[in-house]
Each structure stands twice: as structure tokens, then as C-alpha cells.
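These protein sequence lines map, in sequence, to chains A and B. For the first sequence, my numbering assigns the number 1029 to the initial residue and increments by one for each residue that follows. For the second sequence, my numbering assigns the number 199 to the initial residue and increments by one for each residue that follows.
Keep in mind the hints are simulated off the structure, nothing from the lab. Treat the numbers as computed from the prediction; the structure is a model and nothing was measured. Cβ atoms here follow ideal geometry from the backbone N, Cα and C, with glycine treated the same way. Don't take each hint at face value.
[What the hints assert, rightly or not] If you anchor each label on the Cβ, the simulated ranges turn out as follows:
| # | chain 1 | residue 1 | chain 2 | residue 2 | range |
| --- | --- | --- | --- | --- | --- |
| 1 | B | N318 | A | G1134 | 41 to 49 Å |
| 2 | B | G253 | A | G1225 | 16 to 24 Å |
| 3 | A | T1138 | B | S296 | 42 to 50 Å |
| 4 | B | D227 | A | Y1069 | 35 to 43 Å |
| 5 | A | K1120 | B | V398 | 50 to 58 Å |
| 6 | A | T1311 | B | Q295 | 30 to 38 Å |
| 7 | B | D329 | A | I1098 | 56 to 64 Å |
| 8 | A | K1120 | B | F225 | 29 to 37 Å |
| 9 | A | I1142 | B | K386 | 34 to 42 Å |
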Amino acid sequence: MKLPSKLLAMLCLLTSSLLLAQSPVSGFMKKNNEGSVVISYSMEKYDKVFLVPQEVDGVPVFNEVTNTSISLYGEFGITDNLNVVFNVPYIKSEGEATEGTLESLGFENTREGIQDLSLYVKYNFHTFNLGKSDLSFIGSIGLETPLSDYEANEGLQSIIAIGNHASSFNALGIAMFKTDSGFFTTGQVGYSFKDSGAPHAFLSQLKVGYAASKFYVDGYIANQLSEKDGVDILGEGFTGYFPATRVNYTRVGLNAFAPIFDGIGISAGANTYIAGRNLGKSTGFYGGLVYSF
Amino acid sequence: MKNLYIKSVMALALIFTFGACETESNFEDSAPSISYIAVSNPAFSALEAAAVYGGVAGVLSNSNPNDPDGNYTVFAPNNDAFARLGLNEDNLGVLQQSFLTNTLLYHVSNGNSFGSSFVNGSTSTSALSLDRRFITRGGDTYINGSKILATDINASNGTVHVIDKVMIATGGDIVQSAIALQSAQVFKAPELTFLVEAVVYADLVGALTASEGSPSFTVFAPTDQAFKDLGTALGLTFTQPTDIRQLPKEVVATVLLNHVIANGGKFTSELDAGILSPLGGDPLTLGAYTNGTLTVTGVGNGSAVANMAIPDVQATNGVIHVIDRVLLPNL
Chain A
1029 MKLPSKLLAM LCLLTSSLLL AQSPVSGFMK KNNEGSVVIS YSMEKYDKVF
1079 LVPQEVDGVP VFNEVTNTSI SLYGEFGITD NLNVVFNVPY IKSEGEATEG
1129 TLESLGFENT REGIQDLSLY VKYNFHTFNL GKSDLSFIGS IGLETPLSDY
1179 EANEGLQSII AIGNHASSFN ALGIAMFKTD SGFFTTGQVG YSFKDSGAPH
1229 AFLSQLKVGY AASKFYVDGY IANQLSEKDG VDILGEGFTG YFPATRVNYT
1279 RVGLNAFAPI FDGIGISAGA NTYIAGRNLG KSTGFYGGLV YSF
Chain B
199 MKNLYIKSVM ALALIFTFGA CETESNFEDS APSISYIAVS NPAFSALEAA
249 AVYGGVAGVL SNSNPNDPDG NYTVFAPNND AFARLGLNED NLGVLQQSFL
299 TNTLLYHVSN GNSFGSSFVN GSTSTSALSL DRRFITRGGD TYINGSKILA
349 TDINASNGTV HVIDKVMIAT GGDIVQSAIA LQSAQVFKAP ELTFLVEAVV
399 YADLVGALTA SEGSPSFTVF APTDQAFKDL GTALGLTFTQ PTDIRQLPKE
449 VVATVLLNHV IANGGKFTSE LDAGILSPLG GDPLTLGAYT NGTLTVTGVG
499 NGSAVANMAI PDVQATNGVI HVIDRVLLPN L
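Full structure from sequences and hints, please.
If you want it as C-alpha cells, here you go:
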């Protein structure tokens, strides 16, 4: 079975947002002059934090944190083998610190604003046709940089920050294997170079899914390993500057998509952290509206 | 071609396997920092908040730069200890931040000190440069008036011991300590304002101020409400500290000296039920030692006892116990 190109085009954007807990770059390529735009809403919540050496019940100061975001994600085919991808989230991070705590510390329970622009190009170096399946090797580089001067250095107030306010340059290698029956597997590995004192990080993601004409579904496991020069929260070297922390995680998630009519579709997904270091043990959901052209 | 696919997938799987090795076993056996212990333990939520408000959470996350081995020893008051002072994680804002910081430093010392070294009568110098002393009573060991509930909790940057009372020291002598409370350097709301006024009125500032060779005292310090209650009992109205001057100076002096014992300054952990002889007035009666406090009664109080609102405040020339009733001699 050959997938309709329109659907294939839509599949690329399923990876949108959620604080980029999954890679913004998928293994599907857009064809020349085809593209898509997604607007999505996501919500994630946590009241446990992965710290060293053990996870902790209750977020320090803020007890429980809820992050919501509205993201604009797009992808466009400059040629069949060269795509650009962008993502811009507006993020609201809310804590549940008590009035007394807020008053004594001079803290606030909300931080919100436009976070970072992600801009990637990806290039399909080669697709091997293996009879009833294809294997593609794709390379991608991307830049992520803050779009506003939101604060990331407010001491423990920054437990609820919009982001790290660090820029990064990311390089990813992607292998995409798909069969004519609709099953596919994508593996990607990459490295993220960061500034502003944030440790560089090794990224990887493995995704398996099924793409049929009336629906799409995938499941993935994503992993980040920060370099060891990052510090642990409440550990040696910690000064209250969160961007410098060593953030590792393993996150699993599901994405689903269904076309509705005429290039319009809806996407939805859920994900949760199963292991981590120096971040909230959050579980999140998202829903998005997809337009493909 | 099939071969290439298999090889590629295997290579990818290998890379992923080696890359995706974020597991808790990387670090779950390592010792936590002192700050982590406070943050992760629900019994220390007030201490956690205090460390954040007092600005020492970062300090106690790191190695101690003033110790060759990078260690601190921390006597960590649990939530019940804060609750004795009416404090919890939500209301620490009633304290001045600088006082809270100093109070926390009074619980910290350089290097590792273990429970086995806490010998009766020995002392330990805090990061606030003031000494704390160890006292044994029954089968228990105390630091100042605080019972040590657990010892030798190992941290990556030192050792933690759990105590049942917050240790308080202003760094000043008895008069300076009272003035610190009166001038809102401790709580943001002034306290002991009537007492300070009374001490000044009765010309006792000199006697209670530390000087070379001066004695140390145990002082019972009545709260403002205690003085207001006294005024009411006397048929007077005490609304502001100077109202104390409605009483004759000699009477005020006698009443005040009824609160001062020249016994070197005793913490609750060193006091027992019985009689104390104050500098002036008549003997005081201490009730039984119960849960870290004792009641105290003056001869003129009848059966009405004074309770300790804030026991065991260390001054450089003694120990102050803030009480909720003025101790009256026979007048």
C-alpha cells in the first residue's frame, strides 16, 4: 500500500511542541512546495521532581507546577529532499506556592511569555529502496534561541521559568525505515551545543509507528543526557542558576493523527517521564489542529 | 540490500542503547547534600522554607569552603521545632530575613561532628561564631535546650543531626537581645517592648549588660501581653511601654529582679522542678520539666503559672526564656 502524499505531508508535524520533549524533526520528508502548519495546545503537570540522588515528593517552594503552552509549528519542503522546520511556543508556567511563601520570598506563582524559536533544516541524503520498504538517512541542523528576554536567573523563583534563556545549536542524524504496509521506525541521535552556561547534551529518540490512510499513530522513547559539567540541583556547584543544571531524562509518549477534510487534521498525544535528573516528573497531553498544503 | 538494512538498524539500535542510558542507578547510591535532605524530607519542610528564605539553601548544597574536607555539621530543627515558635513553612515572613539567616548559621558548624563527640559540658562553635553546649539529661543528649532526636545522618557535604527546638541566639547580651526583639530585628512585629522600657526605667541596663568578668544570668522575659495583663490586674491600663512608668520605680525594679537568677544562665535542659532564688523579690517555683519546657511561678502569682513562649534564647551573658506572665513577688 502506498501512502497518500497528503497524509504523509501531515505526518511530519506530529512531533510538535510540548517543550520540545520530543525532537521537532521527524523522519518524514515534505515534498517540494508542500508544507504544513500546526497550532497546538499542551498541558503538563508535576508534583514530583527528579533530583539527585532520589526523586522528591513536592516541588520545592512551588509544591506543584503546571506548564501550558500554545505552539505554532510549521514545516515546508524547499525540495523533495530539503525541508525547513520551525516551532514557536508561548509558555505559561504556574506554581502552587502558598500566599505566605510568596510573601516572604517575594516570589510569584506565574511566569509566562514567548519562549524560544526553533529553526531546523533537514536533508535526506539518500533513500535505499529495499523492495517493499524504504530506508532513508537524513541529517538535520537547527538553532534554538530565545525570542523574548524572559528571566531564567531569578534563583529558586526560576523553578517556574519559561525556559533556560539559552541558545543552542543542534545536529541530528536520522534513520527512517518504513514499509509499504505503513509501519515505520525512526531512530535519531544528535548533539546540542548550548550557551549561557547550560551544559551541552546528547539527544536520542526511537520511534515506531503506523501510518495508514485514515489515521496515524506512533510511540516513542526520547532521551537527553547532559554533559557532566552541568550541576545537580542542591548539589555541588549549585548556585540557584537553573540553566547550568545537568538535565537528563527518558520520556515516553504517544502521538496520533487523523485527517478530517481537505488538508485539515487533528493531532493529539500524551507523554510522561520515566526517569530523569534535575527536572519535574511531569505527564502531559496535547491536542493540535493541522493544516497541510 | 536487505543486509544493509539490518546492519543499519542494528547500528542505530546500538547507538541508541549506548546513548539512552539515563538511569537512576547512575547516582541513586550517592550521598545527598544537606540541602537535599531538608528538601526531600517532609519533616523538614519548615527548615527547607527557612533555608530558602534565609538564603542558605545554595550554601548547604555545596562543599564548605571553610573546612579542609568540605564538610558542615548541621543541627536540623524538624517541623515540630518550628511549630513551638508558631512557625511553619508558610509564615516565616514574620521573621526578619537577616535574623533568620543568623539563626540558621547558629545551627551550622564547620567540619563533621558526630554524635559520639557530644559529651556533657563540651561546646561547639557555630558558624555564627557563638558556642553551643552539649548537655546530657536522662538518656538524652541536648545541644543548648534542644534535644537531639537523631544523629549522624550522612550527607555529601557533611553530617545532619535532628533537634526538637530551634536554637536562638541574637549574638548580643541579655539587654541587646531584648532590644533586638523590641526593635523588630527578630520578628517584624516588635516584642518585649514593655520589658525593655521597664529595664531602662528601673536603671537595670548596666546590671544586665555583659562586661569583663560580669556574671551570667537566667532571665525570664515577660511578653508585652504579659505586661498588659499585669496592668489590667492592677486596675491600670498599659497600652504603650511608657505606661509602665505609672508604677513606682522601686516596685518595677523589684519585680524585674524577681525574673533574674544569677546561676550562670541555664537552658531548660539544665532546669528541674524546684525553687530558684532570683536577685530580688521572692523565690520562684519551677514546675516539672515537660517536653522541653517548665512552668514558672512567682510567690505573688498564686496558682497562675507562667509558660515559656520562647525558651532557651542564648545571650552572651546568659539564657533568656520568654514567658507569658509577669512573675510577681510579694509586694
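Tested hints:
As the Cβ distance of N318 of chain B to G1134 of chain A is approximately 44 Å, the hint placing it in 41 to 49 Å holds. The hint said 16 to 24 Å for the Cβ distance between G253 of chain B and G1225 of chain A, and at roughly 21 Å that hint holds. Our hint of 42 to 50 Å for T1138 of chain A and S296 of chain B is violated, since their Cβ atoms are close to 29 Å apart. At about 41 Å, the beta-carbon gap between D227 of chain B and Y1069 of chain A stays in the expected band of 35 to 43 Å.
In this structure, K1120 of chain A and V398 of chain B meet the distance hint of 50 to 58 Å, their C-beta atoms being roughly 56 Å apart. Taking the beta carbon of each, T1311 of chain A and Q295 of chain B are about 36 Å apart, inside 30 to 38 Å as hinted. A hinted range of 56 to 64 Å for the beta carbons of D329 of chain B and I1098 of chain A is consistent with their spacing of about 59 Å. K1120 of chain A and F225 of chain B have their C-beta atoms about 32 Å apart, which keeps the hinted 29 to 37 Å range intact.
Between I1142 of chain A and K386 of chain B the CB atoms are about 38 Å apart, so this pair conforms to the stated range of 34 to 42 Å.
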